[in-house]
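Asker: Start from the sequences and build out the full structure, keeping to the hints where you can.
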Amino acid sequence: MDLLTERIRTGVAIIAFAAMLCLPGATVQAGGKVLLLATTTSTDNTGLLDYLAPRFTGDTGIELRWTAVGTGKALKLGQNCDVDVLLVHAPAAEKKYVAAGYGVDRRRVMYNDFVIIGPGRDPAGIKGRSVAEALPAIRRAGAVFVSRGDNSGTHKKELSLWSGAGADIPDKEPWYIQTGQGMLATINIAAERRGYTLTDRGTYIKYSANHGGNPPLQILVEGDSCLRNQYSVMLVNPERCPGVKSALARAFADWLVSPRAQKLIADFRLMGKQLFVPNAR
Amino acid sequence: MDFISQGILEAFRLLLSGDSQTYSAVAATVKVSSMSMAVSLAIGIPAGFVLGYTDFPGKKQVRVTVDTMLALPTVFIGLLVYAFVSSRGPLGDLGLLFTLKGIAIGQTILALPIVTALCASAVEQMDRQLRVTLISLGADRLRLLKTSLWEVRHGILAAGLTAYGRVMTEVGISMMVGGNIKWQTRTVTTAIALETSKGQFAMGFALGLVLIMIALTVNVSVSFLRRK
Amino acid sequence: MPLYQADNLSHDYNHKPVLQIGQMEIPAGSITGLIGPNGSGKSTLLRLLAFVEEPRRGEIRFDGHPARPFDPRVRQVTLLPQTPYLLKRSVFQNVAYGLVIRGRRMDLQSRVWEALEMVGLAPGEFAARRWDQLSGGEAQRVALAARLALRPRVLLLDEPISSVDAASAQLIKEASLQARKQWDTTLVIASHDWLWLNEVCDDIRHLFRGHLLGSGPVTLVFGPWKPAGDGGVEKILPDGQRLKAAGRPDDPETAVAVLDPHQLTLSSRASLVSPDLSRLEGTLIQIGIEKNSDRLVATVVAGNIRFAVNIGPEDRPGLDSVVPGATVWLGYDPRQVKWY
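Chains as they are written, first to last, in this note's numbering: chain A, 764 to 1044; chain B, -9 to 218; chain C, 2 to 341.
Since the hints were made in silico from the structure, they are not lab data. Each hint should be verified, as a subset may be incorrect.
Claimed, not checked - Calculated lysine to aspartate or glutamate pairs in the DMTMM-like style (CA-CA distance at most 25 Å, straight line):
(1) K836(A) / D1017(A)
(2) K188(B) / D913(A)
(3) K89(C) / E54(C)
(4) K17(C) / E114(B)
(5) K292(C) / D203(C)
(6) K49(B) / E55(C)
(7) K836(A) / E185(B)
(8) K89(C) / D130(B)
Answerer: Below is the structure:
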């Protein structure tokens, strides 16, 4: 009597647990030709890779999987032979990386650009000026500037802009806020502190769309040649990492710089706006 | 805060429309947490029982170690596991990086101390007369173990649920070891992190609700056991 | 052959000795009482006799064979602990547990029913109850029923009625005796209820600080003790009388003297006390006949201490006129006092 129901209940619980274990995952199979890419959050967050990946698979039969991380971590994953190919945007670091023998066959793919955004009343008066003028103006005014502070590509770009403008990195200044967070979180913090920040245009378009086209922060500095954000594709060095799929990686790099992929990149739209400019040589 | 109401609607839409990305993430979450929980329970319950029931030299030190491991940050565990399963790590040849199994290893490191410590506490609080009663009613050693475990089932259940809650909601290990690869290792929590970083707050909120619904399902089925 | 034979038994917890017994036998089918203050080792002795724990040293022979916990033979022995533990299941499952693990399923229900009826719990009403829907007395009776369902050969009861209501106590007493009557179960009962033990037991053992003090109600006299002129020690009783004892206890502050009732004499006048003995004046509280013998047992209060005296037939004539309330004289030999 009671013993029987006890057994039945225990049995049901065990079966339910076992069933959970066996639950099939929704996985996409592509005949075993799988390429692993480490890339930056910007290419993933904008949807560019979701747009390119199925077309790449259609053209080559290679399944593309990617892990979207900060540029620093993406480079580290390649250095540790954990991925096959890299799509990143930190040219200075990339050059050192290739020189150190971690990456090979680095090729330009496309660029987007950075913009400096800030509150509409613009306390440092930087609207329409060049980067070399704007950053010292912010420093002089002691206006709040919010930095990613996370060693990402955007952060590295910002640091190079400060040195390019002939200024020290304002690491310990009270008006210089380092968030250690992603781009969108950083923009939101800048908005709340009514400060300036450097962002890639794609994230800003999304941010703007989130606010129905009327965001609290506006583009104040843009178009300066030093604001260009160059993306490059690079193979993980197969001599250092015998396990990587260098043939598949090369196929992906070749495809990215091919006229077809370059056209696809040019046609990619976010909120109706072009985000990336292809510039493969 | 309109993304909250949008998120609630979105959560139902995702579940009811059978959104394949959502279900892929749910399946990954359920699979990986089940794997890690199965291993954690299989090792942690006997270990907790031994720790709570028996005396052996060095028991205090083991207990302190286990209790300290309760405070391991998930990102730290993620880094630790990454160091081992990375291609250049000692276990690199097993190909565990960017796989659910790799995540499960990390989550086991997270859950095992919880299961062990809480089971040990439950067993320690077990009535001392239980052993006397069972032996004097004629139980042999195996029966003694089985019935004792059954008597502290509520404590063990609580240990399992606590560990399950931690495992299901952690994001540090899944991100670091799993890489948040779409269709493969994207769990509900890494999907939430991704959607949030994309500014899709409503979507992130919706996925959070989905996670809560999984937890609810688990807890309801467990309370079915607890009622006894 | 006795059912239990124990030899040089000793046991300790965390290196603190709790039991030290030279020789002990318990005959089959008997009822043995255990008395002694809290912490005297009664529960420990019962756990050893139940083969729930193994003695640190020494051996217990059961039915002529050395026995240890988990031996198949000792499954016929069962113990009702002082605070019984009920499994977190229904009353039915609690009572059936011992039978179920023995694989006895055929007459399971009738055996459970029978056991519940023995302890005065209506099976129809109680079988389906949960463990946590019982009063203290009911829980104790369910625990007893779980033992009775096994029809045990030995039933060890540790303070079975110390914390239950009067009605439950009565039912527990009756059920234990019925077990002995129906199945010839050997009973060992630890209890503070001296009257009950005296009424039902064939033999009563006194335990003190882990030592067996022989049969019957010994008298314990607690320290402090002061040195006396003759090389021994003495205790000054509240009424000014002196109780003398030979020897030097290790710690005179806490030492306890034990007086064997068989070594004490009772006289109606001081002059009748043997000149070899020391005397104490006291009041007779009660006097009765010892079970299964022709001896008398008496209780005398002298200086606030209750002395138990066992009187043989040869000494009875001088006491014919003595009734409770009378002033009497105790005779004792200070050299016969034992120390613990």
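Asker: Within 25 Å, alpha carbon to alpha carbon, are K89(C) and D130(B)?
Answerer: Since the Cα atoms of K89(C) and D130(B) sit roughly 19 Å apart, the hinted pair holds (cutoff 25 Å).
Asker: For the pair we were handed, K49(B) and E55(C), check the Cα-Cα distance against 25 Å.
Answerer: Between K49(B) and E55(C) the Cα gap is close to 23 Å, so the pair holds against 25 Å.
Asker: Run the distance test for K836(A) versus E185(B): straight-line Cα separation, threshold 25 Å.
Answerer: Distance of about 20 Å is within 25 Å: holds.
Asker: Can you confirm whether the C-alpha distance between K836(A) and D1017(A) stays at or below 25 Å?
Answerer: holds, 24 Å
Asker: Is the hinted pair K17(C) and E114(B) satisfied, with a Cα-Cα distance of at most 25 Å?
Answerer: holds, 22 Å
Asker: For the pair supplied as a hint, K188(B) and D913(A), confirm whether the alpha-carbon distance does not exceed 25 Å.
Answerer: holds, 17 Å
Asker: Does E54(C) sit within 25 Å of K89(C), going by the straight-line distance between their CA atoms?
Answerer: holds, 24 Å
Asker: Given the proposed pairing of K292(C) with D203(C), does the C-alpha separation stay at or below 25 Å?
Answerer: holds, 8 Å
This entry satisfies every hint, going by the numbered hints stated previously.
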